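Following the hints, put chain B in place on chain A, whose structure we already have.
Protein chains: 2
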Amino acid sequence: MKADVVFTHAYVLTMKGEGVGMIEDGAVAVKGNRIIKTGTHEEVMKVCQTEEEVDAKGKLIMPGLIDAHIHTGLAILRGVAQDITGWMEEGLWPFMKHVTDDDHLKGSMLNIIEGVKAGTTTFCDYDSNMNELAENYAEIGAKARVAEMVNEIPKDIGDLPAGELYPFDPAIGERKLQNNIKLMDKWHGAANGKVTCLFGPHGPDMMSLDLLKETKSLAEKYDTKLHMHVCQGDREILQMEKRYGKRSIPFLHEEGFLNDRLLAVHLTEATKKETEMVAASGASMVNCSGSIGIIDGIVPPVLEFTEAGGLAALGSDQAPGNNCNNMFNEMKFAAILNKVKRKDPAVFTATKALRMATIEAAQAIGLGHETGSLEEGKKADLVFIDLESPAMSPVISKPVRNIVPNLVYSANGSEVADVMVDGKFIMKDRQILTLNERAKIKEANEAAEGLSERAASQFTAQHSPLVAMMERGEL
Amino acid sequence: MKADVVFTHAYVLTMKGEGVGMIEDGAVAVKGNRIIKTGTHEEVMKVCQTEEEVDAKGKLIMPGLIDAHIHTGLAILRGVAQDITGWMEEGLWPFMKHVTDDDHLKGSMLNIIEGVKAGTTTFCDYDSNMNELAENYAEIGAKARVAEMVNEIPKDIGDLPAGELYPFDPAIGERKLQNNIKLMDKWHGAANGKVTCLFGPHGPDMMSLDLLKETKSLAEKYDTKLHMHVCQGDREILQMEKRYGKRSIPFLHEEGFLNDRLLAVHLTEATKKETEMVAASGASMVNCSGSIGIIDGIVPPVLEFTEAGGLAALGSDQAPGNNCNNMFNEMKFAAILNKVKRKDPAVFTATKALRMATIEAAQAIGLGHETGSLEEGKKADLVFIDLESPAMSPVISKPVRNIVPNLVYSANGSEVADVMVDGKFIMKDRQILTLNERAKIKEANEAAEGLSERAASQFTAQHSPLVAMMERGEL
Numbered sequence: 001m002k003a004d005v006v007f008t009h010a011y012v013l014t015m016k017g018e019g020v021g022m023i024e025d026g027a028v029a030v031k032g033n034r035i036i037k038t039g040t041h042e043e044v045m046k047v048c049q050t051e052e053e054v055d056a057k058g059k060l061i062m063p064g065l066i067d068a069h070i071h072t073g074l075a076i077l078r079g080v081a082q083d084i085t086g087w088m089e090e091g092l093w094p095f096m097k098h099v100t101d102d103d104h105l106k107g108s109m110l111n112i113i114e115g116v117k118a119g120t121t122t123f124c125d126y127d128s129n130m131n132e133l134a135e136n137y138a139e140i141g142a143k144a145r146v147a148e149m150v151n152e153i154p155k156d157i158g159d160l161p162a163g164e165l166y167p168f169d170p171a172i173g174e175r176k177l178q179n180n181i182k183l184m185d186k187w188h189g190a191a192n193g194k195v196t197c198l199f200g201p202h203g204p205d206m207m208s209l210d211l212l213k214e215t216k217s218l219a220e221k222y223d224t225k226l227h228m229h230v231c232q233g234d235r236e237i238l239q240m241e242k243r244y245g246k247r248s249i250p251f252l253h254e255e256g257f258l259n260d261r262l263l264a265v266h267l268t269e270a271t272k273k274e275t276e277m278v279a280a281s282g283a284s285m286v287n288c289s290g291s292i293g294i295i296d297g298i299v300p301p302v303l304e305f306t307e308a309g310g311l312a313a314l315g316s317d318q319a320p321g322n323n324c325n326n327m328f329n330e331m332k333f334a335a336i337l338n339k340v341k342r343k344d345p346a347v348f349t350a351t352k353a354l355r356m357a358t359i360e361a362a363q364a365i366g367l368g369h370e371t372g373s374l375e376e377g378k379k380a381d382l383v384f385i386d387l388e389s390p391a392m393s394p395v396i397s398k399p400v401r402n403i404v405p406n407l408v409y410s411a412n413g414s415e416v417a418d419v420m421v422d423g424k425f426i427m428k429d430r431q432i433l434t435l436n437e438r439a440k441i442k443e444a445n446e447a448a449e450g451l452s453e454r455a456a457s458q459f460t461a462q463h464s465p466l467v468a469m470m471e472r473g474e475l
Numbered sequence: 001m002k003a004d005v006v007f008t009h010a011y012v013l014t015m016k017g018e019g020v021g022m023i024e025d026g027a028v029a030v031k032g033n034r035i036i037k038t039g040t041h042e043e044v045m046k047v048c049q050t051e052e053e054v055d056a057k058g059k060l061i062m063p064g065l066i067d068a069h070i071h072t073g074l075a076i077l078r079g080v081a082q083d084i085t086g087w088m089e090e091g092l093w094p095f096m097k098h099v100t101d102d103d104h105l106k107g108s109m110l111n112i113i114e115g116v117k118a119g120t121t122t123f124c125d126y127d128s129n130m131n132e133l134a135e136n137y138a139e140i141g142a143k144a145r146v147a148e149m150v151n152e153i154p155k156d157i158g159d160l161p162a163g164e165l166y167p168f169d170p171a172i173g174e175r176k177l178q179n180n181i182k183l184m185d186k187w188h189g190a191a192n193g194k195v196t197c198l199f200g201p202h203g204p205d206m207m208s209l210d211l212l213k214e215t216k217s218l219a220e221k222y223d224t225k226l227h228m229h230v231c232q233g234d235r236e237i238l239q240m241e242k243r244y245g246k247r248s249i250p251f252l253h254e255e256g257f258l259n260d261r262l263l264a265v266h267l268t269e270a271t272k273k274e275t276e277m278v279a280a281s282g283a284s285m286v287n288c289s290g291s292i293g294i295i296d297g298i299v300p301p302v303l304e305f306t307e308a309g310g311l312a313a314l315g316s317d318q319a320p321g322n323n324c325n326n327m328f329n330e331m332k333f334a335a336i337l338n339k340v341k342r343k344d345p346a347v348f349t350a351t352k353a354l355r356m357a358t359i360e361a362a363q364a365i366g367l368g369h370e371t372g373s374l375e376e377g378k379k380a381d382l383v384f385i386d387l388e389s390p391a392m393s394p395v396i397s398k399p400v401r402n403i404v405p406n407l408v409y410s411a412n413g414s415e416v417a418d419v420m421v422d423g424k425f426i427m428k429d430r431q432i433l434t435l436n437e438r439a440k441i442k443e444a445n446e447a448a449e450g451l452s453e454r455a456a457s458q459f460t461a462q463h464s465p466l467v468a469m470m471e472r473g474e475l
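Chains as they are written, first to last, in the UniProt record's numbering: chain A, 1 to 475; chain B, 1 to 475.
Just so you know, nobody snuck in bad clues.
Each pair may be met inside one copy or between any two copies, as identical chains are not told apart.
Below, simulated DSS-like cross-link-like pairs (lysine-lysine); rule was C-alpha separation at most 27 Å, straight line:
#1 Lys-272 to Lys-341
#2 Lys-343 to Lys-246
#3 Lys-242 to Lys-97
#4 Lys-442 to Lys-428
#5 Lys-16 to Lys-398
#6 Lys-155 to Lys-398
#7 Lys-343 to Lys-272
#8 Lys-2 to Lys-31
#9 Lys-213 to Lys-186
Think of the hints as simulated: they come from the structure by calculation, not from any bench.
Only a predicted model underlies this, so the values are computations on that prediction, with no experimental measurement involved.
Here chain A stands alone, though its shape is the one from the complex:
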């Protein structure tokens, strides 16, 4: 067979099969936007003729990482909402009211750049104004599986006394739903198929049952998934009990939402039984260790979910309270937090974390046929790791191979040298090729400056604990 390029003499982490599918002295052959062959150097070169052979000695070639839950627009507010009780009410919302579409768009680009530099090739972005945000993906050349976040909540919700039912505004709900439909019509399969779409109900507490059901019908009509927060906090459970007299998961079960069309995010407040109910239904879960650990001090029940047979992915969630969007960080956190939760160092391995950021994530978000592993016929979403960087050294191959544990526990994302999406390099030698990174970051910085000026006086007047920290010289 004829390849455009073959990368040779690398360690190749295919993520094929039940383990990690490691090949030593391996090669990956790419033609157009697809992988046409993986194997040892010898196996691949025996059957492939190629235009270009690239010696990748000293590199690990692995599937691009998948961030299965990220609100990229929120990066404009990175670092304003952690280390307090009530991160949303006391940290995020007072700023949110002042965020413009332009701030949001620039924050999103910053976040996508951060992710790509740390090896993320597929972003399951779940945010508002997604029709605009999708342009960022087209520009940088990354893969996106996007949903408009649909709710009926007015922007000044942060001023509501705690415990009061959110008011719903059907006009808001209708506008957002229409945005999601427009997204589907405009972007599903766009950018040579690199952008695809989901429906994105914000949470069972964030909208009327009618609107929630409408998103479900639409997901069925377009044969796609629902990306939805489920049991994301005690706030949600309180709203559900107050509105419907039921907790989220029994409610969703009764209304027919628990099935393989659902990507259930967080499950922070789910009981063991509820977690198992979701797993048994065929729905997938996204676990966001960094965000939920930092903002809530909770380890979500991802281990319980996978033990019950569920398919789980990892997500970095959002920058005002995580605060980074780096899947190396998520893999590390998922493993260590579950080890300490069970007081058992063997209960959550590096391999498990890595699968949840690659092949199992791809399956969970409905892209298992196309990405998440290096297999013939899949798209060439490749990440090249510098094995000669300090954190990945030394490489030991026998009697125990140390690459996977070091990738998960030692690497931090800066070891990612090159990133290819759909057969095209979008980053080489740590430089993004498709846009001017520094210029984009400067734009985000300028937008954040304006935003914080607009938010300042009101925020300060609210006596947030963060303001008290500022006054004590702690920030």
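Below, chain B without anything else, positioned relative to chain A:
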């Protein structure tokens, strides 16, 4: 006053006082190996004449980080001992027997390079063959506070049935003690004072009481500290109970070890009462979140220790089971693990973590007069952070400043652009200036290859769970 160089227009994180001592539009003036002035640009330039003014706009200048407990030589075995029960017996020890002094020296250099690149300027290295390892610090130009790890344990201890008392070999103990004395005589104050020494009893279970007492007398004689593992695992407690009929902390209390000369590392198995006893004694603690979380699934009682008034520092411990030696990682882990331990997002802040990696670490290891904060008269140990890197962007200054939370939760160490120790740059633009990084890493890789070949057959015969993972294709 006359400076050699003034860095201007930076954010300056002095770590002076009770908080973080942040100065906006700040400057740092350096003369020789010391800081002579910090303040706003205006304040500093009013009183300083300088040879050279360097515009550091877009940078954060902060104190170099302190790794208060690290076994650098073990980096030669990075990634061979995690994700299992009995990491030491089943992972580390089967390899340890085959480690030569040369392997160890090369692993150490790799580890030091990793640390410096992630902003560590002071390494509290605690390992064997420290007289040789200290040469690595002199070569790279970093600051080291080193101890020879003194024990009386034969090298093939891994073959002992679990639960049996370790045999002591006084000849080994004497040789190691002499090494520590030699270290003190040769290296204490060497490299222009950048290298200083401690005594390093390996643990109360690892040596006879006589030898332990000898290290104490020597620490008093040389007016220095004891760097010692205390309650580092259930293994230690079992040995202590079997040998002395007492747990480690009551034993150390009775023998007069609990005082401000003790740097007690881990306290993994300490009860709340024991933890408080150590804190009240004036001894300091080193908390190693990454290592203890990964190898034991435990969150050490650092929060309980500081709540009881104790002074604590952070350490990265060792690479076969952590697996990185990066203080950004340790700050993140310390905060998030304690948040989930207490189910309280406010209980351990970014600021607390940062203090434990800078000024409080310096005080804990006995270098508070010289490093850990940017203050007039202290040594110029400076780290320059690129605030325009994605993970540190955007910078928001009001109403809430986001730099500290983003430094702790979002940065991963690769944002460190430049590193100065004692007034001299040892890294600029992410390139180490004092040695050839790639050549050193290559040397470590070659040594590890030989080592793993020597260890392979015996390791495989032991049916370690790691070998089973290899066979299942999980590594």
